[in-house]
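Asker: Here the protein sequences come in this chain order: A and B.
Using this note's numbering, read the first sequence as starting at 4 and increasing by one per residue.
Using this note's numbering, read the second sequence as starting at 362 and increasing by one per residue.
Note that these hints are calculated values from the structure, not bench results.
Don't be surprised by glycine CBs; every beta carbon is placed ideally from N, CA and C.
Treat the hints with caution; some may be incorrect.
[What the hints assert, rightly or not] According to the in silico footprint, chain A covers these stretches of chain B (three or more CB under 8 Å from chain A):
1) 491-505
2) 531-540
3) 584-597
4) 624-633
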Amino acid sequence: MSTFSLPSRRGLLFGTAAVSAGALLTGCTSNENNDAEDTDARRADAADDAPGKPVTIGFAGPQADHGWLNAINEMATERAGTYSDVTLEATEGSNDTAQQIGQIETLINKKVDVLVVLPADGKALTQVGLKAMDAGIPVVNLDRIFASPQAYRCWIGGDNYGMGLNAGRYIGERLKDKENAKVVELAGLDNLELTRQRTQGFDDALKNYPNIEKVARQAAEFTVESGQAKMAQLLRAVPEFDALWNHDDDQGVGAERAIQQAGRDEFFMVGGAGSKHAMDAIKADDTVLKATVLYPPTMAASAIDLARALGQGKGIGGLAEFEIPASLTLYSAVVTKDNVEQYLPTGFR
Amino acid sequence: MLSAAPAGKPPKDPAGNPDGDEAVPAPPSRGSRIGSVPIDLHHLSLFGVLAVLVAVGAVTVPEQFLSTGNLQLVLTQASVIGVVTVGVTFVIIGGGIDLSVGAIVALASVWATTVATQEFGLGGMLLCALLVGLGCGLVNGVLVAYGPMVPFIATLAMLASARGLALQISDGKTQVVEVDAVLELGLRDAYVLGVPPLVLIFAAVTLAGWLLLGRTTFGRRTVAVGGNAEAARLAGIDVRRHRLLLYLLSGLCCGIAAFMLIVLTGSGQNTNGNLYELDAIAAAIIGGTLLSGGRGTITGSVLGVLIFTTITNLFALNNLQSDVQQIAKGAIIVAAVLVQHRTARGGTST
């Protein structure tokens, strides 16, 4: 456990109470009101935008072959660029477990101060996470979680179950007065655990609405092509339904195309993740897409913030804790026409 | 794995060692056999499989399955991979393999939707897709025919680099198409007598492929080169040039398919054409094409594609989940190849 005490001790030494300050963890859009009402002397020990001790952050991200993953890499790089005291050592994105292990080992050998890792496979990369922690490098585990809590100092990620839950609730509320309502689910890649979690959340939410039945579910592959193909099949399989939940906005581009090609509009559609394309469509309100459930890539920017705070031995603003938390789960907000303006800046392309 | 090669015939060396058991005159006569007997025993068995699938659909989900709309859907979904399969079939009959088709489709679709090509409208995008396809085919062909590489390695390298380039050009983003003329091609208004334009393209490519393989010197040479390259060389065929042409043909088909995919999805993405190489090879093999080269038909390959697409359609209409779908698809490939092995033994003993 000596590995654990290192960042903790540093935190205790440097980090005193962290009060107020910027909404560091609420997403990269809100840099405002760092000055707020608080002028407490202790505030200096909460991480803020003022330059502090130089920190080198090693970043091992995913291969950017998908809109959301690409946004993860971009947001991390962009965020690191905003800090004059942060040096980012980013590896080439990879979805190959062995390659990513090698990249992280290189970063460990380079003796970076903090590591931010979005593993290709959380379970498979646990060992290298442990190795980094052993070497005294605190790890910020981004999104896909390591198998052991010893392999990271802090985990930040989205809430897949909550995503399904909130999609289900939104649909449920809209359809609660409709008898024998039918919903259809276009899921993501079925061999990913996150897909099962999203479906579980969705099903659990629908249990509160006995008038709604999920009549069909097909899994696509997070790609536009698969989204189009599977949605076209679903539209044939179910001649009439009331709502559609699509797990992913990228495959949603294909799904929307299939809907357009079939000339169907008797239902409303709820997307997932929060792409700019989806938010634009929600705002324009001229397609079946009426909402999208967030799984914001801003978590990558927040991970950089956390890593910087860890490296500088600071806490975070707005919490009474000395330390940054062990885990942070993002909220899967539902973006509709009513609140889309607020979320549009986080929409990824 | 012994059953991968038909009875008594060792797999052909892709480099073309004279290890075949055919006499020199055999290839041309075989080619004309393909031309004059388009429906052989194997094709009948494929039609049988299709008929069974249709019957299953008619029993389980009659209303959805037996509708005009569903027929249009199945054919549309078969069309993109179908065009790719026609090209791949030529390569395999010619004794080669093309693992890069999916990646070429991805690269061509991304290129045609970025790099300012959208400004040139439908024509510009189509031309771009075709040129990228041909360009990749040319590289494959030169590497295989004139370089020191076996087809497996050369096209594997193309797979990696084309995917990488597609990722780089697209920057990981989905490239949404803004050209109305392209988008409208995928909509119902563009149907010709109830047939979607994509299906028409598929039909045209199939017909062209069928004529090219069965009715031309090029087709007979393809069979000859794949059956016994050394014999073909002795018979006066420029084997290297012919191999180059086969990969160009495959690349061209990928370019056409990429454009079709752009029309279908209204976008270009670096993940397009995922696993097309395996689907196309599987369809060709099910259709009776020998993986070792020298035999195969366009009709068989297209039937193979239709069988796969119909299965996918049936699964979706019956709301089966993807794990079940994958297992069943694997089982069907095994079953079809077993049938093929039987008919190949019985039907083509020379």
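Asker: A separate judgement is required for each hint: does it hold in the structure or not?
Answerer: To see whether the hints hold, each was checked on the structure:
1. 491-505: violated (count 0)
2. 531-540: It holds, with 5 qualifying residues against the three required.
3. 584-597: violated (count 0)
4. 624-633: holds (count 8)
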